[in-house]
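Chemist: This is what each chain is made of:
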Amino acid sequence: MGNHSEASSATAALTLRNVTKRFDGASGRVTALEDITLDVREGEFLAIVGPSGCGKSTLLSLLAGLEHTNVGEIKLGDQPVEAPGRDRLVMFQQDALFPWLDVLENVLFGLRLKPDLTEAERLESARYYLNLVGLGSKEKARPHELSGGMRQRVALARSLAPNPRVLLMDEPFSALDALTREQLYGDLQEIFTKRKKTIVLVTHNIREAVCLGDRVVLFSPNPGRVQQVFDVNLPRPRRLNDPALANLAAEVTTALSARLAR
Amino acid sequence: MASKLPRPVIPTLVALFVLGGWEWFVRSGRVSEVLFPAPSHVLRWFWESLLSGELLAATWVTMRRLIVGFAIGAALGVPLGALCARVRWVRDTLGVLALGLQTLPSVCWVPLALLWFGIREEAVLFVVVMGTLWAVVLAVQESVLNVPPLYLRAAQTMGSNGWHLWTRVIFPAALPGVLNGMKQGWAFAWRSLMAAEIFVVIVTGFGLGSLLNAGRELLRMDQVMGVMAVVMLVGLLADLVFFAPFERWLRRSRGLER
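Chains as they are written, first to last, in this note's numbering: chain G, 1 to 262; chain H, 1 to 258.
Incorrect hints may have been included.
[Claimed, not checked] Chain H regions said to be covered by chain G (calculated; three or more residues, Cβ under 8 Å):
| no. | region |
| --- | --- |
| 1 | 29-43 |
| 2 | 150-159 |
[Unchecked claim] Derived contacts from chain H toward chain G, CB cut-off under 10 Å, selection only:
| no. | residue |
| --- | --- |
| 3 | 100 |
| 4 | 102 |
| 5 | 146 |
| 6 | 168 |
| 7 | 169 |
| 8 | 250 |
| 9 | 254 |
| 10 | 256 |
No wet-lab data here; the hints were simulated from the structure.
On a predicted model such as this, the values are computed, not experimentally measured, just so you know.
Beta carbons: idealized from backbone N, C-alpha and C, even for Gly.
Could you build all of it, start to finish, from the sequences and the hints given here?
Modeler: Pasting the structure below:
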């Protein structure tokens, strides 16, 4: 299970070359990301972890095409990433479900923007993913009637349903309670092994990164740079309190605090 | 507990008490019935003018003006407000103008409207449109600008943009604010219409405002008070029939209330 990333290492889904991103803030120019070079392999679960201010969310916005690089290049396959697109869907920190639509319609939103599908195929796909996240019975519910964890599950179904090439996750679990979060780690890993999706997860939670990622990329702040890359060769499904996982998480933490202490 | 009674009981009792006191006060001869008619006088006028058809005719004229004027104002206001929100320079010009004109009581438009359109239907409609339009423009602009960026980002990553983004995301997200603007526009339209109708006799139709003014000229205070009551009732009814159900549905379906 742990070796599929090596097998597919030849094909990269996303390539980043010397990516630099600056913002003009109130206190002058801020370099959020500096000289990031990174490959995300096809079918890989890449977790990017780092303290706040390391530019990891900015990186995700760049990958989504919601922001643009100042220097460097981002490619999906061999196409440069310039604008948002259905091939890279984003799951945000808040669920971003539309309150005027019910659960099913929310999941259908992205599917309806795919012109090559029939309505029946869209419905089938939406129901499939709602079932996959365990909310098949809630399709007529409104977002406000669901708990935070359920809403984030719907958001996951919504991002997966249009079958994007890459799923980008921007700290989607950080607003949830620990119990719900752990449950979702399980769900996500199950879906990941079933669907073999390329996923980029951004998080500040090291354990979460190690639990979910095939590789963990540690970012250091000011300006955001890649500090170190860790391979996680633990069998899936992984459990958060697995000692091997805890050891690796400790290793990442040590590397991070060594840099921060400097 | 003391509150075993159904809730409307106490308000009804209070209303009856106040009306009864008023009736007694007028009948006791302490004030002139001409200047301060009793509730029974107002009711009598109401009944007579209802039978003669005068009241319904006037109400119809006024309602038609209100609905047409409001519809024009809202139909212009929604796209203009959206444009203000979307395009910076429109916001800096038209948006600012709307802000200024909204503070202008629309009865101030009456002299110009009379000169431009004559004492005809168009003049009243113009005043009502001016009363509605700016409130709607501003409310739409505000509510579009306040659509959470997260919705836009989410929709854009799913491939929504342009017209689709406007009709499927921005407008539904802005709808509660737009509805509020409509309500406000409606209230302004109602006030401006009354002012216009009282201010000038429009030859093309005899509305509630004209009826009220006629009451003044005939020294029929029962008629004046009666029309005032009808104006209030129509305002309440409009809210109850048009806005309240829509608002309730909106709030309930989005979980803003139980």
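Chemist: Now tell me if each hint is right for this structure.
Modeler: Going down the list of hints, with the structure as the test:
1. Judged by the Cβ-Cβ criterion of 8 Å, the region 29-43 of chain H is not covered by chain G as claimed, because only 0 of its residues qualify and three are needed.
2. For the region 150-159 of chain H, the proposed coverage by chain G is satisfied: 9 residues have a C-beta within less than 8 Å of a C-beta in that chain, meeting the threshold of three.
3. Because the closest C-beta pair between residue 100 of chain H and chain G is about 31 Å apart, greater than 10 Å, the hint is violated.
4. Among the interface hints, the one on residue 102 of chain H is violated; its C-beta lies about 28 Å from the nearest C-beta in chain G, farther than the 10 Å criterion.
5. The beta carbon of residue 146 of chain H comes no nearer than 14 Å to any beta carbon in chain G, farther than 10 Å, and the hint placing it at the interface is violated.
6. For residue 168 of chain H, the interface hint holds, the least distance from its beta-carbon to any beta-carbon of chain G being 8 Å, beneath 10 Å.
7. Checking residue 169 of chain H against chain G: minimum C-beta separation of about 7 Å stays under 10 Å; hint holds.
8. For residue 250 of chain H, the suggested interface contact is upheld, since its CB lies about 9 Å from the closest CB of chain G, less than 10 Å.
9. Hint status for residue 254 of chain H relative to chain G: holds, with the closest Cβ pair at about 4 Å, below 10 Å.
10. For the restraint placing residue 256 of chain H at the interface with chain G, the shortest Cβ-Cβ distance is roughly 8 Å, inside the 10 Å limit, so the hint holds.
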